[in-house]
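Undergrad: Listed here are the chains, written in short residue letters.
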Amino acid sequence: MVEVMNETDTYLANFELLERKLAGNSPPWINRIRKAAISRFSERGFPTTRDEEWKFTSVAPLLRIPFRPVGGYEVDGLTPSQLRRFTFGELDCIRLVFVNGRFSDELSSVRPMPSGTKIGSIAAALDSHREWIEPHLASNSGCQDHPFVALNTAFLEDGAFVYLPAGKVVEQPIHLLFVSTSSEEATVSHPRNLIVVGDNSQVAIVESYVGLDEGAYFTNAVTQIVAGRNAVIDHYKLQQESMEAFHIATLAVHQDRSSNFTSHSISLGGALVRNDVNARLDAEGAECTLNGLYMAAGQQLIDNHTRIDHAKPHCASHEFYKGILDGNARGVFNGKIYVHPDAQKTDAKQTNKTLLLSPTATINTKPQLEIFADDVKCTHGATVGQLDEDAIFYLRSRGIGQKDARNLLTYAFANDIVSRIKIPPIRAYVEEALLAGRKLSEVQEVREAL
Amino acid sequence: MLEVKYLHAKVGDKEILRGIDLQVNAGEVHAIMGPNGSGKSTLAQVLAGREAYEVTAGEVLYDGKDLLEMEPEERAREGVFLAFQYPVEIPGVGNTYFLKAAVNALRKHRGLEELGAKEFLILVKEKMKLLEMGQDLLNRSVNDGFSGGEKKRNEIFQMAMLDPKLAILDETDSGLDIDALKIVANGVNALRSKDRAIIVVTHYQRLLNYIVPDYVHVLFNGRIVKSGGKELALELEAKGYAGIEEQPELALTMNS
Numbered sequence: 001m002v003e004v005m006n007e008t009d010t011y012l013a014n015f016e017l018l019e020r021k022l023a024g025n026s027p028p029w030i031n032r033i034r035k036a037a038i039s040r041f042s043e044r045g046f047p048t049t050r051d052e053e054w055k056f057t058s059v060a061p062l063l064r065i066p067f068r069p070v071g072g073y074e075v076d077g078l079t080p081s082q083l084r085r086f087t088f089g090e091l092d093c094i095r096l097v098f099v100n101g102r103f104s105d106e107l108s109s110v111r112p113m114p115s116g117t118k119i120g121s122i123a124a125a126l127d128s129h130r131e132w133i134e135p136h137l138a139s140n141s142g143c144q145d146h147p148f149v150a151l152n153t154a155f156l157e158d159g160a161f162v163y164l165p166a167g168k169v170v171e172q173p174i175h176l177l178f179v180s181t182s183s184e185e186a187t188v189s190h191p192r193n194l195i196v197v198g199d200n201s202q203v204a205i206v207e208s209y210v211g212l213d214e215g216a217y218f219t220n221a222v223t224q225i226v227a228g229r230n231a232v233i234d235h236y237k238l239q240q241e242s243m244e245a246f247h248i249a250t251l252a253v254h255q256d257r258s259s260n261f262t263s264h265s266i267s268l269g270g271a272l273v274r275n276d277v278n279a280r281l282d283a284e285g286a287e288c289t290l291n292g293l294y295m296a297a298g299q300q301l302i303d304n305h306t307r308i309d310h311a312k313p314h315c316a317s318h319e320f321y322k323g324i325l326d327g328n329a330r331g332v333f334n335g336k337i338y339v340h341p342d343a344q345k346t347d348a349k350q351t352n353k354t355l356l357l358s359p360t361a362t363i364n365t366k367p368q369l370e371i372f373a374d375d376v377k378c379t380h381g382a383t384v385g386q387l388d389e390d391a392i393f394y395l396r397s398r399g400i401g402q403k404d405a406r407n408l409l410t411y412a413f414a415n416d417i418v419s420r421i422k423i424p425p426i427r428a429y430v431e432e433a434l435l436a437g438r439k440l441s442e443v444q445e446v447r448e449a450l
Numbered sequence: 001m002l003e004v005k006y007l008h009a010k011v012g013d014k015e016i017l018r019g020i021d022l023q024v025n026a027g028e029v030h031a032i033m034g035p036n037g038s039g040k041s042t043l044a045q046v047l048a049g050r051e052a053y054e055v056t057a058g059e060v061l062y063d064g065k066d067l068l069e070m071e072p073e074e075r076a077r078e079g080v081f082l083a084f085q086y087p088v089e090i091p092g093v094g095n096t097y098f099l100k101a102a103v104n105a106l107r108k109h110r111g112l113e114e115l116g117a118k119e120f121l122i123l124v125k126e127k128m129k130l131l132e133m134g135q136d137l138l139n140r141s142v143n144d145g146f147s148g149g150e151k152k153r154n155e156i157f158q159m160a161m162l163d164p165k166l167a168i169l170d171e172t173d174s175g176l177d178i179d180a181l182k183i184v185a186n187g188v189n190a191l192r193s194k195d196r197a198i199i200v201v202t203h204y205q206r207l208l209n210y211i212v213p214d215y216v217h218v219l220f221n222g223r224i225v226k227s228g229g230k231e232l233a234l235e236l237e238a239k240g241y242a243g244i245e246e247q248p249e250l251a252l253t254m255n256s
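Chains as they are written, first to last, in our numbering: chain C, 1 to 450; chain P, 1 to 256.
No wet-lab data here; the hints were simulated from the structure.
We put the beta carbon where it would ideally sit given N, CA and C, even for glycine.
Each hint can be trusted.
Heads up, simulated DSSO-like pairs for lysine-lysine below, C-alpha to C-alpha not over 30 angstroms straight-line:
1) LYS403/C / LYS165/P
2) LYS108/P / LYS403/C
3) LYS353/C / LYS151/P
4) LYS377/C / LYS422/C
5) LYS118/P / LYS422/C
Sample of chain C residues at the chain P side, in silico, Cβ under 10 angstroms:
6) PHE393
7) SER397
8) ARG398
Sequences are here, hints too, so could you generate the full structure?
TA: Have a look at this one:
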């Protein structure tokens with residue numbers, strides 16, 4: 001009888017292959033970080049639904065597929081025109097394109113940057129920017145316990161590296177486009193992004209994850225953001241993987257004094273999706289806003305876990321997540337707000353609203369407030385509901401068909417989050433994605449006409 | 001235009017309409033009056049196609065067609081309009097988008113070309129003058145955060161935009177101060193025409209000083225118990241509904 005390898009072993013075996021492949025071509029310090037990560041992963045193993053953090057999301061379907069790590073950079077004849085639908089029209093931006101996790105020089109558009117600023121592939125920066133990269137990768141932004149972060153670190157090969165020195169305002173958004181192409185075998189990529197924003201600097205980062213064709217693949221991404229004092233960062237993540245894809249991603253943010261971080265997380269694709277957003281407000285006056293919108297249908301599962309650590313006094317966090325679930329889709333929202341003993345005068349507000357469009361769609365929503373300071377303001381609210389029948393009747397009584405009325409109200413529900421997107425071409429793109437097939441494409445036209 | 005025959009309707013187990021007979025012709029304005037709970041709003045909602053009410057007997061013919069067979073949106077497209085007693089707030093749906101979608105749904109049904117943004121705006125501006133409405137209401141979500149008066153005005157504004165053949169105004173006067181009442185009434189009067197029928201449902205006679213009806217019907221306990229000309233409204237104002245409630249036998253004579 002052939003012995004069946006368990007799922008963890010598959011990844012351990014792949015790690016050995018990676019080590020052999022990299023032999024000598026990778027700095028020893030990064031090899032140490034990889035090795036430490038794989039041993040953490042090996043001890044920890046994949047999560048099960050017995051883990052509190054994975055109670056409603058079973059990764060069993062992910063483990064049934066033996067994903068193959070992508071060998072090297074394969075552009076597969078990809079041309080800029082194939083990417084056009086993911087580039088937000090004429091958005092003026094700096095764009096780094098990654099194909100199956102590997103940086104593509106020819107598809108990217110990076111412009112010359114003043115000295116001290118670095119925007120490019122992390123693989124290319126390992127030697128030149130070790131002093132900036134090593135401590136952050138080694139710390140994992142406090143996500144050591146997350147098995148997929150460990151896995152990502154172990155298989156770390158490429159991703160984006162953005163380094164802004166103090167006092168630097170980047171006018172154009174930086175777009176990180178992660179494209180997965182289908183292949184015979186299901187593949188896995190582990191993009192690792194590190195964004196370090198110096199004191200008083202400002203930047204908008206847009207991460208998008210897209211599947212070029214249908215097909216199963218696995219994206220296991222980690223993005224670390226370090227916000228210096230007074231830094232202002234606007235972060236967007238658009239998840240539009242193929243409908244058979246697996247997407248597991250962690251965004252870890254560390255905020256210094258009076259920094260301001262805003263995240264917009266839009267999740268539309270993927271068969272099994274898990275987004276972790278962890279923000280640590282680590283000095284007085286820091287403020288963070290987490291907006292989220294997820295839309296799932298069919299058999300999709302989209303899980304959003306957020307954790308905000310109020311570590312110091314006088315910090316504010318605002319969190320607003322909305323979900324729309326149709327068919328047999330399942331959604332999970334878990335919003336943890338952890339107020340440390342020192343963090344007096346914390347102001348934290350969390351809201352989660354879910355719209356269930358079908359009787360078989362399900363949501364598990366859980367606010368989790370852990371408060372160890374006594375002079376704080378923390379509120380949370382969760383609602384789960386259906387479309388308002390009175391509103392549907394009102395629209396129908398004006399001649400609008402039932403289906404259109406439902407679509408219009410669904411769009412209106414989502415629009416609350418979409419309207420918070422500050423970059424107009426991205427807002428238009430998300431609107432378009434939501435309206436696709438909903439015959440409501442005139443919204444923009446009417447809005448502009450007035 | 002509208003023939004209501006022996007109409008019975010219930011919500012849950014409660015029978016609310018218990019045999020309504022009513023005929024409304026083009027060009028006429030009918031007022032339906034009655035105390036609270038008499039079934040006035042139910043009648044309005046049933047005519048608009050509200051699914052919460054179950055029609056248990058009787059029929060309604062609209063231009064000779066079976067109105068009760070039609071979906072609410074079909075009725076609207078065929079020219080039936082209900083001005084809601086409590087207009088629904090729809091946050092996130094722009095008033096302008098909503099109106100344009102409605103106008104074009106009706107035009108499409110009538111075989112007319114859909115209005116472009118520009119022509120639509122010309123129409124909007126013309127009709128807004130009628131109701132003395134501010135442009136800002138257009139840029140807001142449907143009825144969202146509107147005052148009571150603004151909501152009612154918005155209903156009549158929609159009526160002007162949709163140009164119905166049969167308009168049913170459900171307590172359009174309730175909650176309006178006298179100035180707002182005059183504006184709304186002027187709007188409705190401007191829309192009176194020989195091709196259009198209007199049914200005004202109201203609890204109080206006050207509105208009828210401004211929208212003078214051709215016929216007045218008194219609804220009590222799910223039946224029309226008395227019909228007459230506009231003077232009937234004044235009589236009710238003077239005597240109140242008490243007089244009607246005391247003579248249930250009247251219902252029998254009226255309906256037989």
